[in-house]
Amino acid sequence: MTRRWRCRQTKPTKSLEENENLQRSSELVRLAMFTELNSILNTSPESFTPGEFILLSDRQSDASFLIHHFLSFYLKARCKVCFVALVQSFSHYHAVSQRLGVSLTQAKEKGQLIFLEGLKESLSVFLPQEENAGHQAMSFLRDPAAGLRSLYEFVQSSVVESSGGGGASAEQWGPPVLLMDDVSVLLSLGVRVGAVLDFSHYCRTTVCSQLQGNVVMLVRCDGEAEEDDADDEGSEQLMRGLTHQSCLTLHVQGLPTGYCRDIHGQVEFCWKKRQSDGQHAPKKVFQFKVHDKGVSFFARGTSRAVL
Amino acid sequence: MLSELLQGTDVGGFLLIQDSCSYSGRHLLKSFIDAALNREEVVHVLGLDVSEEELKEGLKSFVFQRLHFHDAYADPLGWTDNSPFTVHQFSSSRLTELLKQTAPSKPATLVIDSLSWVLRHISPTAVCHTLQQLKKGGAVRTIIGLLHEDMHSRGIVGSVCRLATSVITVEPGTKGEEALAKITKRSKSGKVTQDEQIFSIRKDLTVTVLSKPTNPGHKRSTTEEQVDPTANLTFNLRLTDAEREAKEKLALPFVFSKEKKTALLHSGPGSGKILYEPDASDDYDQEDPDDDLDV
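Sequence order for the protein chains is A and B.
-12 is the number of the first residue of the first sequence in this note's numbering; add one for each residue after it.
19 is the number of the first residue of the second sequence in this note's numbering; add one for each residue after it.
Don't read these hints as lab results, they were simulated from the structure.
Take these hints with a grain of salt, some might be off.
Unchecked claim - Derived PhoX-like pairs (lysine-lysine); straight-line CA-CA distance at most 20 Å:
no., chain 1, residue 1, chain 2, residue 2
1, B, 153, A, 270
2, B, 230, B, 153
3, B, 203, B, 230
4, B, 193, A, 271
5, A, 259, B, 221
6, B, 124, B, 154
7, B, 48, A, 259
8, A, 270, B, 221
Construct all of the structure, not just a fragment, from the sequences and the given hints.
Structure below.
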């Protein structure tokens, strides 16, 4: 019987919601690394394809466990990570990553992780106390129609300074990685879909093409997939645009047949480029179950509850 | 029809490849570029969606001298200060100038990857105007454009399709490597031909047209012979001529002819008679209430 995770840090009392989020996420990520996911994607921290734009998406489900996986994956691979976290606090990610065997505070101190805490920085836009890089990055909150150029410039300065070499004590990190959690919240902050697509394009040119790093973005959709015309304001159009830009998409959704206690959903993997061996394996669907010790992936119909 | 389009005999035309999230049209676009380069044509690519390396992947290196890539991918909006080409420079004069720089003698093939990027930042009217001017001007032999049809409203997609002399809409096929192409071709005389073909693209970018898609429904039923249901049974369902005659003679029980009706209603001698004497309160109607029945 596994012990339930309990908050041991001496911090001011967290809100109920934050506690719930923490427990849910910690239940998801007990496993040190998602070995099954790595084998599906044919990657490991020692060898992964550089220059990839990976899109994580979900519809009426929660794909944030994938963000936690990729965060710990790239930190373990000794990459320089720039994490734009717009939906949760630093302590949330820190607590979850500790379960995965990675310490975000240490990574931040060593200069491996550059963390933009959107929730905290957004306050500083409206109540300016000191000028810092994060303040500039979130300046789109004052004028959403102007676009995300300042956010892009923050990302660019974070990833480019790694190749500059910061002094004698700076360690050599691997290729830069940009993680974003999540992109669709920008739409609710008033940014247009076109501006977000421009921002992701520029991130791709700088991180993937110029610096041979990777970009991982999470986009969330609510509601059913629309069958009709492209709607200019919707998260559906954003997801379509990002799918066109990405070379690998992981789409998380609930089971089409409804709720199941033993299978929590399915993940659809779509590769756009041909694999290096010439085989075109465009789509694979796996079901997953979240349990205390992590997330397990299995082919459809092979859940232990069914076999 | 796809093979004819790949041969590029159509001069002064605008070929549009439409794709969606489920299947990327870039592989087919690269096949067209490859075919044009193999015909010793000069190809100019305005690259917005993907980088030069990604586009050149798969093309043979000896044709690169005829392939000119105009990099609008690195900085399409001019956010850094030294952008080779921004999307706002998409106009017929600027493009003609670019084309004349590298191939002054013969008209080149212009490939735009992708038109969706341009349409996001420039009004559709201006884009259509530019495309029309490029078609009419002499600097361009053919224009090949890639459009993501699920990124724009139907009106915009329709406007761009109207300008095109050929439109190929690609969709994923039923089997792994195959894809379905729906082709609409407008000839100069105004005749419109449509076709659907299944194709696959090999690693060396050659396109193999496989077959027409098997369309279950109308095509097959007209040519199919009538299947005889009484064949191949363990019991006999057929009738001989005598049996058929007897069957047709048989009077069905509830189908009444006039004679049978009168015979039933006015029963012959020997059978029982019904005598009916109405009371004072009975409403005796002499008329037969069933007279209007057509039995």
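Here is what the structure says about each hint:
1. B/153 <-> A/270: Distance of about 39 Å is beyond 20 Å: violated.
2. B/230 <-> B/153: violated (31 Å)
3. B/203 <-> B/230: Between residue 203 of chain B and residue 230 of chain B the Cα gap is close to 17 Å, so the pair holds against 20 Å.
4. B/193 <-> A/271: Holds, at roughly 14 Å.
5. A/259 <-> B/221: Holds - the C-alpha atoms of residue 221 of chain B and residue 259 of chain A are around 14 Å apart, at most 20 Å.
6. B/124 <-> B/154: holds (15 Å)
7. B/48 <-> A/259: Roughly 15 Å separates the two Cα atoms, so the pair holds.
8. A/270 <-> B/221: Holds, because 19 Å separates the two Cα atoms, which is no more than 20 Å.
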